[in-house]
Amino acid sequence: MKAFLEKERERVKKNQIKNKPLVFMTYMFVLIFIGMFSYLIYFMVKDDTEQVVANTSNKRQDSFDEYVIRGDIVASDGTVLATTNIDEDGKETRYYPYGSLFAHSVGYDRYGSSGIELSEGFNLMRSHVNIVDKVGHDIGSEKNPGDTIVTSLDVNLQQAAADALGDAQGAVVALEASTGRILAMYSNPTFDPNDIDNVWADVHSEAGSSSTVLLNRTTQGLYAPGSTFKVITLMEYIKEHPDYENYYHVCYGSDIFNSVSIRCSNSAAHGELDLAGTLAHSCNTSVANIGCNEINIGELNKFAEQLLYNGELPYDGEYSRSQFKLTADSNYSEIPQTVIGQGDTLITPLHNALIMQAIANGGVMMKPSFVDAIENADGVQMTRYKSKSYGSVIDPEITQDIIPMLQQVVTDGTATQYLGGKPYTVAGKTGTAEYDNSGNCNSWFVGFSNVENPDIVISVVVEDYTTNQTSGTYVASKVFDAYYGNVTE
Amino acid sequence: MRKVYKYGMANLICNISKYLVLVFMALYTIKCYTYFTAKDREKRNNNLNKQIFYIFMIHFLCHIMLFVNMKDTRVVVYYLVEILIAILYIVLFRVFYKNSSKLMTNNVAFLMLIGYTVLLRLSPKLAVRQFILASIGLAVTIFIPFILGKFRNLKNHYILFGILGIFLLLSVFLPVIGKEVNGSRNWINLGFISLQPMEFVKIIFIFFVASSLVKLSTLKELVINAAISAAFMLVLVIEKDFGAVMLFYVVYFSMVYLATSRPIFPILGIVLLVAACALGYMLFKDTLFSHIVVRVHAWQDPFAYQQTEGYQVCESLFAIGTGGFAGTGLGKGMPYLIPVAESDFIFSAICEELGVIFGLALILIYLSSFIAMQNIAMKCKQPFYKYVTFGIAICYILQVFLNIGGAIKFIPSTGVTLPLISYGMSSVFSTLICFAIVQYVYILVSKEADDFEKERERIAYREVSGGGNSNVSGNEGISRERTRKSKEKSNKK
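So the protein sequences, as listed, match chains A and B.
Numbering-wise, the first sequence is residues 0 to 488 according to numbering that gives the first Met the number 0.
Numbering-wise, the second sequence is residues 0 to 492 according to numbering that gives the first Met the number 0.
One chain only, chain B, in its complex shape:
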């Protein structure tokens, strides 16, 4: 005899929504990757439009769950406003920039909507705050590609970037506005708003490194460049913001590697890092480094330090493990038990209620937007913007890695935010700026490709009309190779 115990209709709705979200999430993720393999423009656009449909469905179903479980009619209002802004963003970007990367706008809109949803679950107050600030961010950053287009000679101002960056970083030491949070002095309080200057300085830093690498010709210049970069990192060490140091460090060595094409630099980077860690551990074990030692302990065996250092990681693992692959359903878990669930450990909160499958898909979505950025950097022929895009891509993916890796105990936790999802005005703003810059480069690349096509056609036309015979096939263009190749194939047939 089967034991049956029924519980209400609300659960029925919630459970169906839970599984549907997972299905749509899987479909969205697949579309992120089939985008790269799509044969022609039409299919690609088709993919992208389907993605938008999935975004809406996931967002809608999540809010159904929230509505059922929180029993708060305001959820409906939040839902409507969120979706309105998302539509506005996607449409405006397409209208303003015909050549923009639609995959990128989709991902930005999607990740931000997920962020709002999870924050709404955790704390409606934070969600509203985040929503208002991020909407301002979207409105402002939508102009960035346009502005960048007006300033063609940014690459000449590396001294300006260097000074501005270090000055901004130092601002946290100003007496009235600087403040310390969680053992790191990396915030400034401007009265109406608190900011993490590091989030913005990292973009200035990328510009600084890119512009000085473009000019690089002698070893002496490289040394000066390295010294200034080291100064950035030194300030961050003094702030005890070690996650940021890691970020700057990896970005710097990757960019130098790209500019010089010499594998010696990444190797040097790793060797220096190991040496610095060993030295730092020996000299500052109990002072500057105690912060790190604690986190490494918590990582090695969180359960041995369950009530102290390992507390955060333990709670995070409890959440992920108990939620299981399918999750408990939004509003049915206990993500509020996880410390800093709204930023550092937001991934665990997502896994607990929306399921580990959702989390796995999220990892793949982040990775796909990284690959998209790298693709753009690859196609870009202006060294300055190539370096900038590359720097942003590395910075972005490393941040994702540090955050998610820390939450699931893959690596020690570093207190880095999850781009676009974590609560935090500085983080969201700076990520939006990054995406806008990459959009600009994408537009640049598309324009370059269009120019090339036009030029080729012009010459071909002139030669044909002049009686010349040209062999058009067999040349390697720069962009839309796939489109042309497939055309050639069909021509041959």
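In isolation and in its complexed conformation, chain A is listed as follows:
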């Protein structure tokens, strides 16, 4: 017996030694499979997966409305801006309580959608109600309520912008200076998204073919920057001349630069000016002088492109690209007009706001954003978005130098009429940009409030200033007033 068992033990032992590679390989594959198992779970829970599902090529999105009721869009304080109403037959209609007020920012959800309805269309059709509710809805054959998009929009500011603009065509955009959150975005003429069927039909009829009511002027409207561009010319001067405080120019109301005649507004002679005075009074001859005699045009072009002229904006929605054509090789005669913001240069109000935001924020441009957070239908926060920086586009020292000059525009310059003597401080720049040769012009204001620790950035353009006499500065002052609760008329 012993011999037999001994022999068996020997065999088992031998087999065990032989089995070593076998055991090793088994563990190897178990490990690999644990890796694959974990990877699949990781793929499902990581943030990017929502983006995979949100990919526009994913045709499955079309079927979401079979299972989900489109979620709400709310303002930062929870005021509902868009919701889905269901009647007794189960028919769903999208409803916008504020009608035309948020037409361009919130958008509409048919005809390919627009605005936040478009950019957040996917998230609105996702439902993150808790798993118990979800199973309950599934089993009870109910649709799941979609997630709520909490935007950064502020109803007060939006209303103030719309009221101030009145019937005038134009655009207003207000950003939070340190984060780039969009607080207001209003474009006039506007339309009622509750009535989108008729609006759409009108615009696509022959009579309405020239209508621009669907155009979001804040992001898609291209305007000559006018005098607001002088801020860029001056920053370039400061960059190239550390002793900029010694700048000195005498304005006679008009002058000839590179064989081009440049006139100041109303041909007013500003007399002796330093750099701050040049900006405060928006002196054309002084800036043309800087452009023609003091700065390197190649560098100016580089600086403008660094500020995203001719480039992509860090903005998710639809927008037009701003353009700046002057280069070191351009004809000399183009310089004087271009440096004061005329010529071929074009910019959108949103882009102009971003440049001002960068100045207010120590040179760091923030990505403008609409969405603060996504909540499920029960109000539980699912995702909170952090503000994203685009990067530093201006030397912080230059912003320190230019801000006092921008403030002087308000305290003792072209913006004093509407913004002087307010309980809050403002730094900014006005602009009057001619868009044709018969003297018709648009009125600009770009600037930010609370200069020491900037709160909000506003960019306004009012079209056809000559006829409706509403200036950009006036509109901006009304929005600032609304922000600071300063309602004295």
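Derived from the structure by calculation, the hints contain no laboratory data.
Given the structure is predicted, the values throughout are model-derived calculations rather than measurements.
One should not assume that every hint holds.
Mimicking DSSO-like on lysine-lysine, the simulated pairs with C-alpha atoms at most 30 Å apart in a straight line are [as the list claims (entries may be wrong)]:
id : chain 1 : residue 1 : chain 2 : residue 2
1  : B       : Lys214    : A       : Lys17
2  : A       : Lys17     : B       : Lys380
3  : B       : Lys446    : B       : Lys101
4  : B       : Lys380    : B       : Lys101
5  : A       : Lys17     : B       : Lys446
6  : A       : Lys12     : B       : Lys97
7  : A       : Lys1      : B       : Lys38
8  : B       : Lys97     : B       : Lys38
9  : A       : Lys6      : B       : Lys97
10 : A       : Lys13     : B       : Lys219
11 : B       : Lys49     : B       : Lys97
12 : B       : Lys149    : B       : Lys380
13 : B       : Lys453    : A       : Lys17
14 : B       : Lys380    : A       : Lys19
15 : B       : Lys453    : A       : Lys6
Chain A is fixed; fit chain B onto it per the hints.
Only chain B this time, still in chain A's reference frame:
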């Protein structure tokens, strides 16, 4: 105020079924693993019978969903026929081979039923075809353990295996019957049926390597063996069937490692692979290797090549991501948008409609049958069958890994089928053969253990009757150790 919008009764049934399937799937998976830890035979059998119940429930609920969503009464017929064949298979195997591994038969039946169900969802035509061919496959392979038992000296015929294997592989280059599919020339068309010879050659290859390794004594023999194996792979490279090359390569080096117990071989294998890839990339970047380069690109960033190379992987990820953990319910998703959803990307189709939880369970079920195979190889004391079982196990699990890993973008996709689930006559047939061979080895091992027990009892009896005193406890048997150990424990108490 809560917004409520109700939609029909059909959805109610479908949604309840969806969640129940997930519950039964989880239970089935758990039973696959508790099988290994079960204390005694009775508990194990109990586990296995429960598994059969879960299989039936999952299959039944899936067909309920299909019936509700496809609104086709033929689903009922399909259901009845499928379940009949599955019962027949499980019962016949148990009757024919008393010692067969019931876990293995359960897994085979389960995976095949899942395969039919998903194929039925994708294309009833394919499902019927697959069903008929697989049923023939089941009927044929049920005899394999019996046949293997008749041919005891297979291990002496390695030259035959080598020649047969290479000849079969080369058959795809024959002018009339050979044909090219998706850039790989790896099919033969026999008029009434199309086959992938590689699927069968891989089994012959495993037999070839095992039989020559058994005889191995000198380095020279190893070199010859390596050269012939390399010839196999070279043919596959020329066919541009790189998934298969990978399969053969890993199987070969694993088997050599097992036979020699020298870690140098797997290390050598990895080094050679890296070198071959680098060299191949440098020399044949635009010709032979372009096929691979495309797939690697698609893997690195499928969304950058969304409309071209990455298309398949993107669609696969869309399906998995949109389906979510619980899935959309069978018949409610859009798995038909995934390219080659019936074979290479069938895992994504399963995840989309039956849920990622189902997919995760499926991964674990595949892994458990791999562990079961390795267990059998471990217990087997005949080197030839030990190597064969091991080779089959590695080949099987690697195939699962390449398929699922490719579908979920864990690795570049290689165009390998998912054993027993993917559509494809060759693949299903060859996997069934593999499982039947492993069943044979299991029977062999069980018989060996029984013989040992008998012999031990005989000697013990003789010694006791002869007045001798033996110390029975403390010896390490080979099989059913657990059963005996627990008996010993209770004896001690």
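Non-conforming hints, listed in increasing numerical order:
none
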